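2 protein chains.
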Amino acid sequence: MGLVVMKFGGSSVADADKMKKVAARVIDKKKQGNRVVVVVSAPGDMTDDLIAMCEKITATPDDRELDMLLSTGEQVSIALLSMAIKKMGQSVISLTGPQAGIYADTTHTKARIIKIIPTKILKELSRRKIVVVAGFQGINPNDDIATLGRGGSDLTAVALAAALKADFCEIYTDVAGVYTTDPRVVADARKIHYISYEEMLEMAGTGAQVMQGRSIEVGKKNKVDIHVRSTFSPADGTIITSEEAITSRRGAMEEVLLTAVTFDRNQVKLSVVDLPDIPGIAAKMFGALAVGGINVDMIIQSAAQDKRNDISFTVSRSDLKKTQKVLGKIRKDLKAANIIYDKDVAKVSIIGVGMKSHPGVAATMFTVLADNKINIEMISTSEIKISCIIDNAAVNKAVTALHAAFGLNKRQ
Amino acid sequence: MGLVVMKFGGSSVADADKMKKVAARVIDKKKQGNRVVVVVSAPGDMTDDLIAMCEKITATPDDRELDMLLSTGEQVSIALLSMAIKKMGQSVISLTGPQAGIYADTTHTKARIIKIIPTKILKELSRRKIVVVAGFQGINPNDDIATLGRGGSDLTAVALAAALKADFCEIYTDVAGVYTTDPRVVADARKIHYISYEEMLEMAGTGAQVMQGRSIEVGKKNKVDIHVRSTFSPADGTIITSEEAITSRRGAMEEVLLTAVTFDRNQVKLSVVDLPDIPGIAAKMFGALAVGGINVDMIIQSAAQDKRNDISFTVSRSDLKKTQKVLGKIRKDLKAANIIYDKDVAKVSIIGVGMKSHPGVAATMFTVLADNKINIEMISTSEIKISCIIDNAAVNKAVTALHAAFGLNKRQ
Chain A
8 MGLVVMKFGG SSVADADKMK KVAARVIDKK KQGNRVVVVV SAPGDMTDDL
58 IAMCEKITAT PDDRELDMLL STGEQVSIAL LSMAIKKMGQ SVISLTGPQA
108 GIYADTTHTK ARIIKIIPTK ILKELSRRKI VVVAGFQGIN PNDDIATLGR
158 GGSDLTAVAL AAALKADFCE IYTDVAGVYT TDPRVVADAR KIHYISYEEM
208 LEMAGTGAQV MQGRSIEVGK KNKVDIHVRS TFSPADGTII TSEEAITSRR
258 GAMEEVLLTA VTFDRNQVKL SVVDLPDIPG IAAKMFGALA VGGINVDMII
308 QSAAQDKRND ISFTVSRSDL KKTQKVLGKI RKDLKAANII YDKDVAKVSI
358 IGVGMKSHPG VAATMFTVLA DNKINIEMIS TSEIKISCII DNAAVNKAVT
408 ALHAAFGLNK RQ
Chain B
8 MGLVVMKFGG SSVADADKMK KVAARVIDKK KQGNRVVVVV SAPGDMTDDL
58 IAMCEKITAT PDDRELDMLL STGEQVSIAL LSMAIKKMGQ SVISLTGPQA
108 GIYADTTHTK ARIIKIIPTK ILKELSRRKI VVVAGFQGIN PNDDIATLGR
158 GGSDLTAVAL AAALKADFCE IYTDVAGVYT TDPRVVADAR KIHYISYEEM
208 LEMAGTGAQV MQGRSIEVGK KNKVDIHVRS TFSPADGTII TSEEAITSRR
258 GAMEEVLLTA VTFDRNQVKL SVVDLPDIPG IAAKMFGALA VGGINVDMII
308 QSAAQDKRND ISFTVSRSDL KKTQKVLGKI RKDLKAANII YDKDVAKVSI
358 IGVGMKSHPG VAATMFTVLA DNKINIEMIS TSEIKISCII DNAAVNKAVT
408 ALHAAFGLNK RQ
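In the order they appear, the protein sequences are chains A and B. Residue 11 in my numbering sits at position 4 of the first sequence, with consecutive numbering throughout. Residue 239 in my numbering sits at position 232 of the second sequence, with consecutive numbering throughout.
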């Protein structure tokens, strides 16, 4: 008998009919002979509704009280889903994050899970109950409710799977799995059957919005196989697992260079022009940005000419104003001639563990882009990823061309 | 420095503007030099909305899960009210029922409070914080959330006031206090300044809907003075206190016979006609009704003729169908000729500790009704209350006449 953690997002439990479908799916899993723990998010728009209520009171809510407010959404979901499961004749119990033994730190609204003590869950499982746990929340050392931030329910599911030594962690979502690229851009994008934690982390960091990086890291650290699949279809989705597991599976198959092509249109490029070429300038600039809470993605520094040079970097579009404010304050200090920005850029990335042993991959990428007359403005690489900043208008062309050039549309 | 428990009902926290008004009122109380604990209900229609969501899933929800669901309403209120108070510059913390140390029994949806351990509340008060507690909920011995049933937030407030030895328990509501009768029926009804627990209990039992009996009983048992007053006016309301306290206050004033006239239109009279006059018949009948969960209010049995007699009794209008079903089942057994019911009845009551020492009060009531050509169908009395079942159409006339006859419109 296996132990499975099933996680359903807000769109899967948005109304009574969807709740009932989820309940049926959970019961199926139980009837296949498994012990089942279900993790759910708040129904549909409830979190947004709660935030709207909060905004009518204050623009700067206390973080502890915001967690007190937002955690009710998941509590509504676990109660309703448990009722639906019970109505279908199965024994079930709902548990809030604190009741489930999920201990978090004191960083309200984006707490980290410190530990899980699943005594209560195991007791209820041993009574042959389906256990429905509220995602996104835990109890902190002050006995307060703390929420886990964006993607928090995925994190709850993966961490619970680790603590319970579950055989599988299934993340049910409104897409059928992880694709070689966005099917809305490239029609012959294919579902990936197996992907490594490392590749998935790179995908999350380069624009693919299937899962937050934190959950994948917890999965990797604890060797939890994560199965991303559709709530509304019985078909298998994508299994996120270790590189070794994938290599042994792929062994008999053709050699795989790339796993996916991703893109991120949420990028702005800033250039600080005509800086003095002296030590400490970059440290001063990026130090100020870090203090301002701005996440800098790619950085290039031009070769110095006449003891002056330029530094360019990218940030999220939503951080542009904040970035301009920080740079405006330190510009005199930096002795920079000018600060310019370009909102019409995007990042295109290719990802694959295969590129570790194939040094020609980067050259192929640059050639494909050049053949398509796409200018590369910035480049950054990791062991299993190459990213290029290009003109936003050229994204679809670039993604389509790269997807085809690396044969991602062909493979089984 | 005093300690005050302030309780605000759902209509007082129905939207952001009302929340802000409540916050201002709470802060005023603090600035007057008090330590302040606030108890709140779920905002406006939220409980109804949650029940509607539940009904789309199942008509027979599990009680534990229903409590899990419904307790979120108060949690939303405490978070939002705390944000509003903080926004106005005061230090504040919200606590769920479990966090506040409110321990309940395992009777889900209508749990009793077993004990209160207010350690956390006292600690936060000592840090000069306003403490906002979720009404209507506690934690039970299984570490589950349990709700306290109708009027549960009042109960939380009064029980907390007892546990904290508060100087006052203030129940804020949308009426200005307790009146000598319903001002919608009798225009010159007056606000009662002081009323005893016993009188208030009789009022709750005879149709006045200011507070549930349970809260008043807890107040009486623990000698908590309860101040019922308007959320939207600074004027004093009605203080519910001990008979001795009232007697000593009233001593210098004119002698008071009556405190209030109440009525209850939610009554149905049933008559089981032509029963054999043998021992055990009434026991069999009312035993069956009790097993069916039906609360019987007034009972009369006619004098036997020819070894046959009739039994009449009243139940809540909402229990009529259930009552008919139970009686239908045992009718043959009872050898009753017929069962008839009359939906056009109502109960009119007069209440006052003064009637203990004035045996003429009942006679005056019957005379007033007779003078107004109102027929009395049933009578029931307690030491401080007389109730009569009359024609529903005559209620306004009866209440107006009794209110005037006992001088309730005249007193200061």
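Honestly, the hints are just simulated from the structure, not real lab data. One thing to keep in mind: the hints can contain errors.
Since the list gives no way to pick one copy over another, a pair counts as held whenever it fits inside one copy or between any two copies.
[As the list claims (entries may be wrong)] Pairs of lysine-lysine, DSS-like flavour, derived with a Cα cap of 25 Å:
#1 Lys-127 / Lys-94
#2 Lys-291 / Lys-27
#3 Lys-94 / Lys-230
#4 Lys-25 / Lys-63
#5 Lys-37 / Lys-63
#6 Lys-230 / Lys-172
#7 Lys-314 / Lys-25
#8 Lys-94 / Lys-63
#9 Lys-198 / Lys-27
#10 Lys-198 / Lys-36
#11 Lys-198 / Lys-136
#12 Lys-227 / Lys-117
#13 Lys-228 / Lys-122
Note that the structure is predicted; figures quoted are calculated from it, not measured.
Quick rundown of the hints versus the structure:
no.	hint	in the structure
1	Lys-127 / Lys-94	within (23 Å within a copy, 38 Å between copies)
2	Lys-291 / Lys-27	neither (56 Å within a copy, 45 Å between copies)
3	Lys-94 / Lys-230	neither (35 Å within a copy, 45 Å between copies)
4	Lys-25 / Lys-63	between (30 Å within a copy, 11 Å between copies)
5	Lys-37 / Lys-63	between (43 Å within a copy, 24 Å between copies)
6	Lys-230 / Lys-172	within (9 Å within a copy, 55 Å between copies)
7	Lys-314 / Lys-25	neither (64 Å within a copy, 64 Å between copies)
8	Lys-94 / Lys-63	between (37 Å within a copy, 12 Å between copies)
9	Lys-198 / Lys-27	neither (27 Å within a copy, 52 Å between copies)
10	Lys-198 / Lys-36	within (23 Å within a copy, 63 Å between copies)
11	Lys-198 / Lys-136	neither (34 Å within a copy, 55 Å between copies)
12	Lys-227 / Lys-117	within (20 Å within a copy, 46 Å between copies)
13	Lys-228 / Lys-122	within (14 Å within a copy, 45 Å between copies)
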